[in-house]
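Engineer: Chain by chain, the residues run as shown.
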Amino acid sequence: MRKSKKKFNKKMAEAEIDITSLLDILVILLVFLLKNYNPSDLKLDLVKDLSLARSNSKELGVKTLILQVDKKNNVFINNEMATNIVSEGNWRGILSSKLAKLSEDSKREIAQIKGGDTSNILGKELLAKKEENLERVNIVLHEELPYETLDKVMQVAATSGYHKFSFIVQSKAN
Amino acid sequence: MKRQMKKAEKLNLIPILDAVFIFIFFLLMSAQFVEIHEIRTDRPLVKDVSEKKDDKPPLNLTLKVTKNNIDVITGLDEKVVKTIKIAEDDKSLEELGQTLGKIKEKHPDEKTIIIKPAKTVKYAQIIKVVDHSKWIIAENGMAKELFENVIFESN
Chain A
23 MRKSKKKFNK KMAEAEIDIT SLLDILVILL VFLLKNYNPS DLKLDLVKDL SLARSNSKEL
83 GVKTLILQVD KKNNVFINNE MATNIVSEGN WRGILSSKLA KLSEDSKREI AQIKGGDTSN
143 ILGKELLAKK EENLERVNIV LHEELPYETL DKVMQVAATS GYHKFSFIVQ SKAN
Chain B
24 MKRQMKKAEK LNLIPILDAV FIFIFFLLMS AQFVEIHEIR TDRPLVKDVS EKKDDKPPLN
84 LTLKVTKNNI DVITGLDEKV VKTIKIAEDD KSLEELGQTL GKIKEKHPDE KTIIIKPAKT
144 VKYAQIIKVV DHSKWIIAEN GMAKELFENV IFESN
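Protein sequences, first through last, are from chains A and B. If you're matching positions, the first sequence starts at 23 in the working numbering and goes up one per residue. If you're matching positions, the second sequence starts at 24 in the working numbering and goes up one per residue.
Hints listed in this document are in silico derivations from the structure and should not be mistaken for laboratory results. The structure presented is a predicted model; accordingly, all values stated were derived computationally and were not measured. For glycine and all other residues, C-beta sits at the position ideal for the given N, C-alpha and C. A few of these clues could be false.
If you want the footprint, here are the derived chain A segments under chain B, 3+ residues with CB under 8 Å [unchecked claim]:
| id | stretch |
| --- | --- |
| 1 | 48-55 |
| 2 | 116-124 |
| 3 | 162-169 |
From the structure, some residues in chain B lie toward chain A, with a derived Cβ separation under 8 Å [said to hold, decoys possible]:
| id | residue |
| --- | --- |
| 4 | Phe46 |
| 5 | Leu51 |
| 6 | Ser115 |
DEER-style ranges, computed between Cβ atoms [as the list claims (entries may be wrong)]:
| id | chain 1 | residue 1 | chain 2 | residue 2 | range |
| --- | --- | --- | --- | --- | --- |
| 7 | B | Gln121 | A | Asp127 | 41 to 51 Å |
| 8 | B | Asp41 | A | Gln177 | 18 to 28 Å |
| 9 | B | Lys125 | A | Lys129 | 28 to 38 Å |
| 10 | A | Gly115 | B | Lys114 | 41 to 51 Å |
| 11 | B | Gln121 | A | Gly115 | 39 to 49 Å |
| 12 | B | Thr135 | A | Ser193 | 19 to 29 Å |
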C-alpha cells in the first residue's frame, strides 16, 4: 500500500503542462494589440451608409459631441437620428434646438463641477478639458457629400454654440 | 560514490502570465481597428480690426477650390498666384503642396490659410486639399507643417 502511494506521487510530480505554445500565441496577440492601441478617448461608432474620407492627419480625436451625416443626408447626433437635410423642411430648426439643448447641458455640467470640489489635480484637469471642448464638435461626413452639406451643418452648429470643428477622418495607412 | 543530480530550477511564470492576461484585456478594450484622426478647423469670426496694428500687409492666403481648378490667391487685392488644374491622380495636389511650400518659405510666420470651396466640391476632395495645405512631405519622408490654421469660407 505504501509503495503504491509513493509511485503515484512521483507520477503526479512529473505531469506538467507545456505552456510554450500558449506563450507564443500570447506574445503575438500582445504585439498585434499594441499595434492597434489608440490613446485617443474618442470612440466612434459609424452609422450605416457612411464612409470616412482619408487623410494624412495624425492628430488624435477628443471626446465631445459627434455629428454624423450619412450618404442619404440623415443627420445623427451622438449616433441618434436627428433629422434629414433634404427631406425635412425644418431641419435647421430641429438640429439647432437639439444642439442648443446639448450645449446648455454641457454648460450646466461644467457649472456643477465648478460648484463641487475642484481642489484636486484630477478635478482641475477634467474641468479644463471640458471647458476646452465645450464649443467643439466632431463632424463625420460621408466622403461623397458636397461642400454645400458641410457648410450647412457647420452654419447650424456655429449658431447653436459649437464654433470649433474637428473633421473626423480615416488614416491613409489603413 | 553516488553522483548527485542537480535538479534544474524552473521559472515561476504564473505572475507574468497573470500580468500579460490583464494587459491583453486592457489592450482589447482600447483597440481601434479603423485608425481615426481629426483635422481641426475654424469658421471666420468677426473681429475688431483695430486690435492688431501691423505695417506689413497681410498675406491673406486663400485657396479657391472648384471642381476643376484650385486658385492660389494672396493679398488684400486677391491676386491669383497660381491656378492648378485638378487631375485624376494626386499630382495636382503635389503641385499645390510645392506652391504652398514656396509661399511658406517666404512667410515662415504665417500660419493661416483660408479655403473657399465651391458648393459642389466633394468632401473627400476638400480633405485632400486641407491635407496638402497643412503638411508637406519633405525629402526625408517626414511631414513638415505648412499652415496649421485652416479656415473655411463660403464662396
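Engineer: Look at each hint and say if it fits the structure.
Structural biologist: How the hints compare with the structure:
1. With a cut-off of 8 Å between beta carbons, the stretch 48-55 of chain A has 4 residues touching chain B; three or more are needed, and the interface restraint holds.
2. As drawn, the stretch 116-124 of chain A meets chain B at 0 residues by the rule of a beta-carbon pair under 8 Å; below three, the given contact is violated.
3. Using a Cβ-Cβ cut-off of 8 Å, 7 residues of the stretch 162-169 of chain A lie near chain B, which meets the minimum of three, so the contact claim holds.
4. With a cut of 8 Å, the hint placing B:Phe46 at the interface with chain A holds, because the nearest CB-to-CB distance is about 7 Å.
5. At its closest, the beta carbon of B:Leu51 sits 6 Å from a beta carbon of chain A; the interface hint therefore holds under the 8 Å criterion.
6. Interface hint at B:Ser115: violated, since its Cβ lies 16 Å from the closest Cβ of chain A, which is beyond the 8 Å cut-off.
7. In this structure the hint that B:Gln121 and A:Asp127 lie 41 to 51 Å apart at CB holds, the actual value being about 47 Å.
8. Taken as a hint, the range 18 to 28 Å is violated for the pair B:Asp41 and A:Gln177, whose Cβ atoms sit roughly 54 Å apart.
9. Range check, B:Lys125 to A:Lys129: about 45 Å between beta-carbon atoms, so the 28 to 38 Å window is missed.
10. Take A:Gly115 and B:Lys114: their Cβ atoms lie about 45 Å apart, and the range 41 to 51 Å holds.
11. For B:Gln121 and A:Gly115, the Cβ-Cβ distance of about 46 Å falls inside the hinted range of 39 to 49 Å, so the restraint holds.
12. For B:Thr135 and A:Ser193, the hinted distance range of 19 to 29 Å is satisfied, since their beta carbons lie about 25 Å from each other.
The structure fails to meet hints 2, 6, 8 and 9 from the earlier list, while all remaining hints are met.
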